[in-house]
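The lines below spell out each chain.
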Amino acid sequence: MSSFTVAALEAVADRIIQHKELLTSLDAAIGDADHGINMARGFEAVRVKIRAAAPETDISGLLKMTGMTLISTVGGASGPLYGTAFMRAAAAAQGKETLDQEAIAQIWSAALQGIKDRGKASRGEKTMLDAMEPAYEAFVEAAKAEKSLVESLEVACEAAKEGIEFTKTIIATKGRASYLGERSLGHQDPGATSSYLMLAALTEFFHNQQLGA
Amino acid sequence: MSSFTVAALEAVADRIIQHKELLTSLDAAIGDADHGINMARGFEAVRVKIRAAAPETDISGLLKMTGMTLISTVGGASGPLYGTAFMRAAAAAQGKETLDQEAIAQIWSAALQGIKDRGKASRGEKTMLDAMEPAYEAFVEAAKAEKSLVESLEVACEAAKEGIEFTKTIIATKGRASYLGERSLGHQDPGATSSYLMLAALTEFFHNQQLGA
Amino acid sequence: MKKVINAPEQVVEEMLQGIVLAHPQYVRRLEGFDVIVRTNAPVAGKVALVSGGGSGHEPSHGGFVGKGMLDSAVAGAVFTSPTPDQVYEAIKAVDSGKGVLLVIKNYTGDVMNFDMAAEMAEADGIKVAKVIVNDDVAVENSTWTTGRRGIAGTVFVHKIAGAKAETGADLEAVQQVAEKVIANVRSMGMALTPCTVPAAGKPGFTLAENEVEIGLGIHGEPGTHREELRSVDETTAHLMEKILADLKLASGDEVAVLVNGLGATPLMELYLVNRKVHQILSDASVKVAKTLVGNYMTSLEMAGFSISLLKLDAETKELLFAAADTPAFVQA
Amino acid sequence: MKKVINAPEQVVEEMLQGIVLAHPQYVRRLEGFDVIVRTNAPVAGKVALVSGGGSGHEPSHGGFVGKGMLDSAVAGAVFTSPTPDQVYEAIKAVDSGKGVLLVIKNYTGDVMNFDMAAEMAEADGIKVAKVIVNDDVAVENSTWTTGRRGIAGTVFVHKIAGAKAETGADLEAVQQVAEKVIANVRSMGMALTPCTVPAAGKPGFTLAENEVEIGLGIHGEPGTHREELRSVDETTAHLMEKILADLKLASGDEVAVLVNGLGATPLMELYLVNRKVHQILSDASVKVAKTLVGNYMTSLEMAGFSISLLKLDAETKELLFAAADTPAFVQA
Ligand SMILES: Nc1ncnc2c1ncn2[C@@H]1O[C@H](COP(=O)(O)OP(=O)(O)O)[C@@H](O)[C@H]1O
Ligand SMILES: Nc1ncnc2c1ncn2[C@@H]1O[C@H](COP(=O)(O)OP(=O)(O)O)[C@@H](O)[C@H]1O
Ligand SMILES: [Mg+2]
Ligand SMILES: [Mg+2]
Ligand SMILES: [Mg+2]
Ligand SMILES: [Mg+2]
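Protein chains in written order, with the numbering used here: chain A, 68 to 280; chain B, 68 to 280; chain C, 3 to 334; chain D, 3 to 334.
Everything labelled a hint here was simulated from the structure, so no lab data went into it. Yeah, the Cβ is synthetic: ideal placement off N, Cα and C, and Gly gets one too. Hints should not be assumed to be uniformly reliable.
[As the list claims (entries may be wrong)] A partial selection of chain C residues facing chain D, derived with a Cβ cut-off under 10 Å:
1. SER233
2. MET270
3. VAL295
[As the list claims (entries may be wrong)] Only pairs whose alpha carbons sit at most 30 Å apart, straight line, appear in this in silico DSBU-like list of lysine-lysine:
4. B:LYS131 with D:LYS94
5. C:LYS100 with C:LYS313
6. A:LYS211 with A:LYS131
7. D:LYS132 with B:LYS183
8. C:LYS4 with D:LYS204
9. A:LYS228 with A:LYS214
10. A:LYS87 with C:LYS204
11. C:LYS289 with D:LYS69
12. C:LYS69 with D:LYS319
13. C:LYS319 with D:LYS69
When you get a sec, could you build the whole thing from the sequences and use the hints?
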């Protein structure tokens, strides 16, 4: 399972690193032009760390490694938020040996709660939560409706995308964009975008696994 | 004679003030972009001063007023140089009641010497002297050849113009342009240009006097 | 992007090296971390002050490490809050046993990262207190957002709380006076040009030849609105109006003034701003006890400035005038 | 031209007002003149130092008026040497009877205007001595020209001669130490952007996106040549090479370093320069006794920097470390 998790995390890392400029330019519009730089720096470090992880490291261990690395390399608002998310994910993954639909839902739920606890934001404030939370809910809904893991992830991805679109229509009340007031209208949230990108990478990863593996 | 001298000095002042931008942009190329600003500030003050001068002020008095005003308002290199020129001119004009060809030659000679004494430059160093000195020499030559005052001034003007052209062909070794070394080549000297402008204004003034008066 | 740098990824590391090489009498590097501490840290019998934030605000914060101000400054990536592990190391390095005050500017990232560091240090048994500076009045309906930002007024917090700590006061007392400064300091800024984060390579926004941003932060973020460039007197009056609407000074009150350059504004222009600030205060019969004019909290090469007013009382005034000896602020 | 000003014709007057309002404990205005003097001028029993030049170099020179540095600074129009009458008034206002040292930067205009002022003051029976600072090594064949320019190294002359004067030394001794500093200080600069004289309204030159000017003065004049922007390490090495070729330091020598910002260069970048300067000096086994990094002698909003090295001996070193208390330079 270790190499599978490593590969999944690498897919996430690659996706973020590839979109460094997009995330930075989104942040330039309503923030301080560093979200992509921060996230890419963090996930580059994560990539190095997890590749070097001992083969016996379990899912929880890899998630914890990811969380700790993000916390100590990303900085800004997104570092503690995503870092905490992965730390909580790690705690929820303790003892888990496969990443099935139920495990993912549990881990995701914990991660989401971590972001809320750390950032004290809720949906509708133009943050990463506006992608993350509807995506999670769609995932759980789809799972309940007996959709497959990949189908559920795809549905979640769609919801995250809609969440991004939604962030364009609202004024930010959390994070740096909140200082802009009305001027934040019309712009999509960088953090919501990075959340979507991670989810999209994961979805594609599972999709490919299903096909190829 | 006082109002005549005032009018002559005003013509000079007007000409400089009109060419403020030209002189400044010439100075931008090989200096510090202030020659026109400095000279215009000075001659604006001169204009105010001489207009307010007591009617009994003689030629020497008006020249001294001009010199002192330039010294205390122009600053930079051109302030002390032109200021000294007018102060020396004033001394040479002492007791003179008309500005005939001989008087002008004497006054001019003193002014020229003043610039040399103050600035310790000689011809060929890319300064105002490269316009002023050949112009003076041409004037004296023309006078010797029995040309009229206006004709002599016109000849002097031509020589000053050639002097400006000459400054384009040489490297500056005095003043701020000297720091440029070879880079000063091809550019005309701002101070030579202001000298020419003053002379041209004076020539036109005498020309008009001859016609009109 | 024209910058005098080697490579964007190296600027923070190399800058820290440059700072320590320039000021060995004041500061040293905490080996292996992007942390600057007083040469003689931990200072026995003294509460320690730790501040920091993203880099790009120099001389904040490393320039204020020294006697009478900070004990440590933690440098994040450019405009990015430092990570908790770095702050945690700073806390450990400067704590003399009397506790550590964290001076945090009110940005989500800074607050969260310093919070996490505080938790880590507290788990080690270190007494940690926190204050959050939020002097920027630009953001109006800040009650339903994350609150006002912390900008240049932070320098007064460093100075005054630092002086208090130097007296041997305990952590609670140092925290209290810091809170008092925060309650009484208000700032607002404007910019004529954007700035470029080295790693981003292009400016955060663009402005037309005659346009300025009003009410912006110190990270190249856009401000509250744009307008045509006005005269220094008009712009200053506009910012002062906003500040005074919030700070509410009465005739006879005493203040300290900070006219802060954002990086590329000539001191000449800052003095023009200062002239108008003093005129306005004098018209309101407000006394100015002290004026600082210069680059104290910058945004890389941004052109623009901010004005900060701190309402003084006897205690904060005395502490403001107390001796300080740091690379960027010396007072006999 | 984006400037935080009212009107170009008013900048010097309003700036002087702003300076005096900011620093009343240090300086006052000489009524009716563009002259700033120490509040307690003339200081009894002390040789007085008068400096100045065009405006636009702030904090030079008004920012260095105070204890242990200048007694007066005379402000000309932007980048234009002040006129003799202004300098003359300054001399009269600060002379305590022990004489006045004029610190002049080697520009034709400054030299002539200060000369004329000296003549006027001497005619009044005031003892006047002059030194001419010419630290800029950019101009190579300076022997057959007007000689090297005076740039940021002037700050060391102010500091050290000012400290000497504060000891009660006589005019000759103060002049001598100033001459010694001048003989041992060398500088060179570069710029990334031009600057705009307010009254001119447009920049003195233009540079392409990747172009820099090397070896330029402090008045927006073009430099000796243009080149492509290189890394900070390469550019610093280039300037240092020029300076060291002229200053000729031996292993074991001791120097003071000034990394001077021209106005719009972030302190971050100046620290990167400083890092490389120290590396080069350390490689040459030259000891750095003191380092200054910041905006000391600027060119309005020009981006760029200069490096100055001063070779020290026991006397100049002691005077460099002597206390000073001025708006822009304080040393305990
Ligand atoms: N309180 C919060 N809760 C959740 N997400 C937040 C919060 N504050 C900010 N964010 C997210 O962080 C993103 C910005 O991250 P980043 O640019 O890396 O940090 P910073 O704002 O410190 O520069 C925003 O786009 C937003 O999605
Ligand atoms: N030593 C000198 N002798 C004669 N003229 C000089 C000398 N030095 C400079 N100049 C003249 O002064 C002009 C520059 O004047 P200005 O720009 O007003 O002063 P500054 O160079 O101080 O800015 C030059 O173009 C040159 O003609
Ligand atoms: Mg950001
Ligand atoms: Mg000039
Ligand atoms: Mg940030
Ligand atoms: Mg000039």
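Hints, one by one, checked against the model:
Against a cut-off of 10 Å between C-beta atoms, the interface hint on SER233 of chain C holds, since the closest Cβ of chain D lies about 5 Å away. With a least beta-carbon distance of about 5 Å to chain D, the hint placing MET270 of chain C at the interface is held under the 10 Å criterion. The closest approach between the C-beta of VAL295 of chain C and any C-beta of chain D is roughly 5 Å, which is under the 10 Å cut-off, so the hint is satisfied. Pair hint LYS131 of chain B plus LYS94 of chain D holds up; C-alpha atoms about 24 Å apart against a cutoff of 30 Å.
Taking the CA atoms of LYS100 of chain C and LYS313 of chain C, the gap is near 29 Å; set against the 30 Å cutoff, the hint holds. Annotation: proposed proximity of LYS211 of chain A to LYS131 of chain A holds, straight-line Cα distance about 28 Å (limit 30 Å). Between the alpha carbons of LYS132 of chain D and LYS183 of chain B the distance comes to roughly 22 Å, so the proposed pair stays at or under 30 Å and holds. Note on LYS4 of chain C and LYS204 of chain D: the hinted pairing holds, with a Cα-Cα distance of about 20 Å set against a maximum of 30 Å.
Of the supplied pair hints, the one linking LYS228 of chain A and LYS214 of chain A holds, its CA atoms being roughly 19 Å apart against a limit of 30 Å. Using a Cα cut-off of 30 Å, the hinted pair LYS87 of chain A and LYS204 of chain C holds, with the two alpha carbons roughly 14 Å apart. Among the hinted pairs, LYS289 of chain C with LYS69 of chain D is consistent with the structure: their alpha-carbon atoms are about 25 Å apart, no more than 30 Å. For the given pair, LYS69 of chain C sits about 23 Å from LYS319 of chain D by alpha-carbon distance, which is consistent with the 30 Å threshold.
Our distance criterion of 30 Å between C-alpha atoms is met by LYS319 of chain C and LYS69 of chain D, whose separation comes to about 23 Å.
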